[in-house]
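Peer 1: Please build the complex by placing chains B and C on the supplied structure of chain A, with the hints as guidance.
Listed here are the chains, written in short residue letters.
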Amino acid sequence: MSLVLDMALCALILGVGLATVAGHGVFRAVIFFITYGLLLAIGWARLGAYDVALAEAAISAGLTGVLLLAAHGRLRRLRAAEEAPLRPNLPAALVATGIALALGWAWFALPDPTAPDLTAALPQSGVGNPVTAVLLNFRAWDTLLEAIILLAALIGLWMLARDRAWDNPLGLRYHARAGGVMASFGRVLPPIGLIFGIYLVWAGAEMTGGAFQGGTVLAAVCLVSIMADVLPAPRIAQPAWRLALVFGPGVFLLSGVAGAVFAQGFLALPPELAKPAIVTIEAALTLSIAVTLVLLVIGPPDEGGQDA
Amino acid sequence: MNLTVFALTGAALVGLGVYGLIARVHMLRRIMAFNLIGSGLFLFFGAAGARGVGLDPIPQALIITGIVVALSASALAVGLVVALARSSGTACLPDEAGDT
Amino acid sequence: MADIATYVLTGLGLVFFIAGTVGLIRFPDQFSRLHALTKGDNLGLGFIALGVAFQTETWAQVAMLLLIWGLALLAAGTVSQLVARAAVSESQKP
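Chains as they are written, first to last, in my numbering: chain A, 59 to 366; chain B, 17 to 116; chain C, 17 to 110.
Hint data in this document are derived by calculation from the structure and do not stem from the laboratory.
Quick caveat: nothing in here was measured; it's all calculated off a predicted structure.
Some hints here could point you the wrong way.
[Claimed, not checked] Pulled a few chain A residues facing chain C out of the computed Cβ check, cut under 10 Å:
no.	residue
1	242
2	243
3	247
4	333
5	337
Beta carbons: idealized from backbone N, C-alpha and C, even for Gly.
Next up, chain A with everything else stripped away, as it sits in the complex:
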């Protein structure tokens, strides 16, 4: 029974993926891509990877969806959203089939798993959720560098802004009617979203959740507030936004240096201090992840009349 369910789910995922690649129209492809992310999140839940399922739904479907929709809007204003219909491309089909077949063959040729057993080391990490333990303790290097990658991507994105647009508000301009549906939505949702985002970070130490999932929810709250005109659109030069960007990586780096001075090495956490240290780093990191994701999704400053 569960096999039938999984096969139906995978067939749906593949069908929606195919519609993303081969369907007519860029806008329709974007909508199918969002659906694809949500279906994939159900797939991750079927695999038992609930942390990944949350991240997939929030980031791949939610934020990437907003990003692509906004991009389509900008391209339509620039009259560049049209495309030529798909023409069959035999070499591409051959290459793609070859890669897929090679991967399928690799699955059956995989050696038996010899993963290290983390259950013995988990009490040392200070948290009960093994994924959080890996992200912030055992492989903290990855997470630190990831936070810096986010920052680098944002700087790269801002470099695309032109000089005369540098001081403009970031992103597209949204017109929410005062007292309209969007404005009231922007007032009702943020309190609930704030509680939920913070809960996800706090619960992430012991259960499903964590800094990335919670940060994404907070980013979504912030985006809704900006679109509903409840929050003014950020500008590049505002110091508060810049401070929030570097706060998380800064705290993370400082704790890493503290580990090098007082404990076994850079980013090492002594077991008795691990839980408070992880919660502190996660809180700081969540703020920075949320702000970075918001600024990445709304993109460089709008050039106003130049676009139209």
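Peer 2: Same frame as chain A, now just chains B and C:
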């Protein structure tokens, strides 16, 4: 058996993504195709990490990292596509816009 | 007993989802499509949440299901309003 279904789906998604990346000329389509390749690989990797006793948290943590990095790369790519469209009026690469 | 209630209620929810989807595909213009989609899916999700509620162990889980349904209602209502307004302004443009 269930894991094999997910892994083969991941492999097929990678194939789909590669085809879209080569055959479609609109750059927004290519960003989506690139994301298909990434998520197909994640699915393959996640299924491989679920084969042992219990679920291995290390692949999960790496996949979450990967999802976030994929978003930041997509955001940068979208910015580049919009800049391309602003300067050239089309969201396709110059040498491909002609043969569409 | 609880299992039977779950089967009946989730089955009923699925019927509403199917009806909403058929409406989305078959109805002629955007407004009746939106109407079919939001009405059918909100009711369907409500019945499914109610059916799943019979399988919960604590009241907190029931409250979470209720919260999920409430949030989905809020989002669906808002989005359908926005889509409808976009459709109106689109139809007035040319």
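Peer 1: Give a verdict on every hint.
Peer 2: Here's how the hints hold up against the structure:
| no. | hint | verdict |
| --- | --- | --- |
| 1 | 242 | holds (8 Å) |
| 2 | 243 | holds (4 Å) |
| 3 | 247 | holds (7 Å) |
| 4 | 333 | violated (24 Å) |
| 5 | 337 | violated (23 Å) |
In terms of the numbered hints stated before, the structure departs from hints 4, 5, listed from lowest to highest.
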